[in-house]
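K.L.:
The residues making up each chain are set out below.
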Amino acid sequence: MHTLSLTALTKALQQREFSSTELTQHYLNRIEKYQELNAFISIDAKGALSAAALADKALKNAETPTLMGIPMAHKDIFCTEAMPTTCASKMLEHFYSPYSATIVKRFQNAGAILVGKTNMDEFAMGSTNENSYFGPVKNPWNIECVPGGSSGGSAAAVAASLVPFTTGSDTGGSIRQPAAFCGLSGLKPTYGLVSRFGMVAYASSLDHAGAFAHSAEDLALILQTMAGFDEHDSTSIQRPLPNYSAALKKPIKNLRIGLPAGFFHEEVDGDIKEALHAAVTLFEAAGATVVPLDLTLQPMWVPCYYVIASAEASSNLSRYDGVRFGHRARHAKTLQELITRSRTEGFGMEVKRRVLLGTHVLSSGYFDDYYVKAQKVRRLIQEELQQALSTVDIILGPTTPSTAYKLGEALRYPTQRYLADSFTVGANLAGLPALSIPMGFSKGLPIGMQMIGPHFSEASLLNIADYYQQVTDWHHARPNEL
Amino acid sequence: MLTSAQEFKKIATLAHLEADSKSAHQLASDVSSIMGFIEQLRTVDTTAVTPLIHPLELHQRLRVDEVHETSCVEQLAAIAPLFAEDLYLVPKIIESGK
Numbered sequence: 001m002h003t004l005s006l007t008a009l010t011k012a013l014q015q016r017e018f019s020s021t022e023l024t025q026h027y028l029n030r031i032e033k034y035q036e037l038n039a040f041i042s043i044d045a046k047g048a049l050s051a052a053a054l055a056d057k058a059l060k061n062a063e064t065p066t067l068m069g070i071p072m073a074h075k076d077i078f079c080t081e082a083m084p085t086t087c088a089s090k091m092l093e094h095f096y097s098p099y100s101a102t103i104v105k106r107f108q109n110a111g112a113i114l115v116g117k118t119n120m121d122e123f124a125m126g127s128t129n130e131n132s133y134f135g136p137v138k139n140p141w142n143i144e145c146v147p148g149g150s151s152g153g154s155a156a157a158v159a160a161s162l163v164p165f166t167t168g169s170d171t172g173g174s175i176r177q178p179a180a181f182c183g184l185s186g187l188k189p190t191y192g193l194v195s196r197f198g199m200v201a202y203a204s205s206l207d208h209a210g211a212f213a214h215s216a217e218d219l220a221l222i223l224q225t226m227a228g229f230d231e232h233d234s235t236s237i238q239r240p241l242p243n244y245s246a247a248l249k250k251p252i253k254n255l256r257i258g259l260p261a262g263f264f265h266e267e268v269d270g271d272i273k274e275a276l277h278a279a280v281t282l283f284e285a286a287g288a289t290v291v292p293l294d295l296t297l298q299p300m301w302v303p304c305y306y307v308i309a310s311a312e313a314s315s316n317l318s319r320y321d322g323v324r325f326g327h328r329a330r331h332a333k334t335l336q337e338l339i340t341r342s343r344t345e346g347f348g349m350e351v352k353r354r355v356l357l358g359t360h361v362l363s364s365g366y367f368d369d370y371y372v373k374a375q376k377v378r379r380l381i382q383e384e385l386q387q388a389l390s391t392v393d394i395i396l397g398p399t400t401p402s403t404a405y406k407l408g409e410a411l412r413y414p415t416q417r418y419l420a421d422s423f424t425v426g427a428n429l430a431g432l433p434a435l436s437i438p439m440g441f442s443k444g445l446p447i448g449m450q451m452i453g454p455h456f457s458e459a460s461l462l463n464i465a466d467y468y469q470q471v472t473d474w475h476h477a478r479p480n481e482l
Numbered sequence: 001m002l003t004s005a006q007e008f009k010k011i012a013t014l015a016h017l018e019a020d021s022k023s024a025h026q027l028a029s030d031v032s033s034i035m036g037f038i039e040q041l042r043t044v045d046t047t048a049v050t051p052l053i054h055p056l057e058l059h060q061r062l063r064v065d066e067v068h069e070t071s072c073v074e075q076l077a078a079i080a081p082l083f084a085e086d087l088y089l090v091p092k093i094i095e096s097g098k
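If you read the sequences in order, they're chains L and P.
Per this note's numbering, the first sequence runs over residues 1 to 482.
Per this note's numbering, the second sequence runs over residues 1 to 98.
Isolated chain L (complex conformation) (with noise of 0.2 Å):
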């Protein structure tokens, strides 16, 4: 059954060829024959299989939402009621929500069953899960590699078909990294298309969320669940909502592709940059056109990055001082002491840099210099992109310089490795849809190809990627071993 798609499931589930039940008891086998990857911070058995049976009885009837009996799984970082919402932080270890995330709650009236919540980064902090308070995340193509991050939980978990698909979040490409290091589809829809009410805040201007799955066809199921205005987010869009899966199979013969020349600079991998060279092959035999585009402010993506998401996390994560939840500091003596020894205890030495950074560019003397400087250089950037787009439908590059790199590698040059962002970033400062997909493999390891589109492209995206996926097998490989 795991090694059927999501789309298959879903018609298999509702032509009753087996039971959500069955479905779901063969997924939990799963996550407990490869614990080892460490993929999952919490397991909801019991709750998962008694949402199964709720599913069967309605699946009896004609009528069900696409995703009914469908088992998932959700980044730990979206609230749930039911279970644990760490955020792979030892400050957030015992909580629990008083309420759900909007798409927490979508899934579920969609009839999707909730098996457990995926390892992270904390507080999406990281492109390796190497920064989890529960542990590293193994990559299942190679389990001495990380399978990147921050949602690198969430990539592990599809690509050794524990799960057929799972929720994500994407800062500065947590999404689409991960998915190029696992040989998955991700997507980052455009700011504002899905709710992020009961996500945790990293970085609020730049947060998403989004999904994993093994393919383009896979994630328009999805989004059309995720998407949509939420009352509560205040950063949620109203605007009508595409059928995203009729909008698949549609030809792509006048699509003029966008590469931008800073994606193919001397650091990239030899590999990456042929095999990004023969999709562009197989899409001008379809009729593509390419542009050459010269993004000179691509290498500023990076540092405004960093400044935009550091400033905003510290504002965000001033709301764990010990006192209203999470960690508490024992036997402190004073207000002052409680607060910052709950938050010293409470945070991986990845979060305390970024606060610490966030801290420092947010401080007086230093705030228009940097902070300032850098939502300046962000109009500029996404009046770049919004330029280059307006002459192409679509940039497309890699999705990262190299494919996975051992575990432990990172952790030895932490600061190095904030420019694996380097591809993914601009998107998240543009607020754009991106996503990524598979397109070979280096030395045993997957390759990611990304695409960026206008504001809410998402369909005409997830077209063109489906397009690719129909013409090569590359997101139908799976790891040996699994």
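Simulated from the structure, these hints should not be mistaken for laboratory data.
Backbone N, C-alpha and C fix where the C-beta goes; we use that ideal spot for every residue, glycine too.
One or more of the hints may lead you astray.
Unchecked claim - Reference listing, derived: stretches of chain L covered by chain P, where coverage requires no fewer than 3 residues with Cβ under 8 Å from a Cβ of chain P:
1) 255-262
2) 341-347
3) 363-375
We have chain L already, so just place chain P on it with the hints.
P.N.:
The following block gives chain P in isolation, referenced to the frame of chain L:
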């Protein structure tokens, strides 16, 4: 740049964090290294550019001023580390004056 231990301490105090000397040295060095990288932003001419605050340039949506929620004290009390009589308990703030 966080060139001095004193400056690092000031920022750590503002962030309500503390560090032993070894990790303080590591964190200060990391933050300084990232700041060096961030300095590149100065090379971009931003004269007359308005800061971008919201990616879609939208303003905060306001709702009608009506009460929708009832008291959720019980739920909040359940997740608070120390809570009694509708109050969060913290160490004494005001000294007795003795």
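K.L.:
At a Cβ distance under 8 Å, does chain P reach at least three residues of the stretch 341-347 of chain L?
P.N.:
As far as the stretch 341-347 of chain L goes, the hint holds, because 4 residues have Cβ atoms under 8 Å from chain P.
K.L.:
Do three or more residues from the stretch 255-262 of chain L put their C-beta atoms closer than 8 Å to C-beta atoms of chain P?
P.N.:
Violated: only 0 residues of the stretch 255-262 of chain L have a Cβ under 8 Å from chain P.
K.L.:
Please verify the coverage claim for the stretch 363-375 of chain L: does it have three or more residues whose C-beta sits within 8 Å of some C-beta in chain P?
P.N.:
With 6 residues in contact (Cβ-Cβ under 8 Å with chain P), the coverage given for the stretch 363-375 of chain L holds.
Consistency note: the structure conflicts with earlier hint 1 alone.
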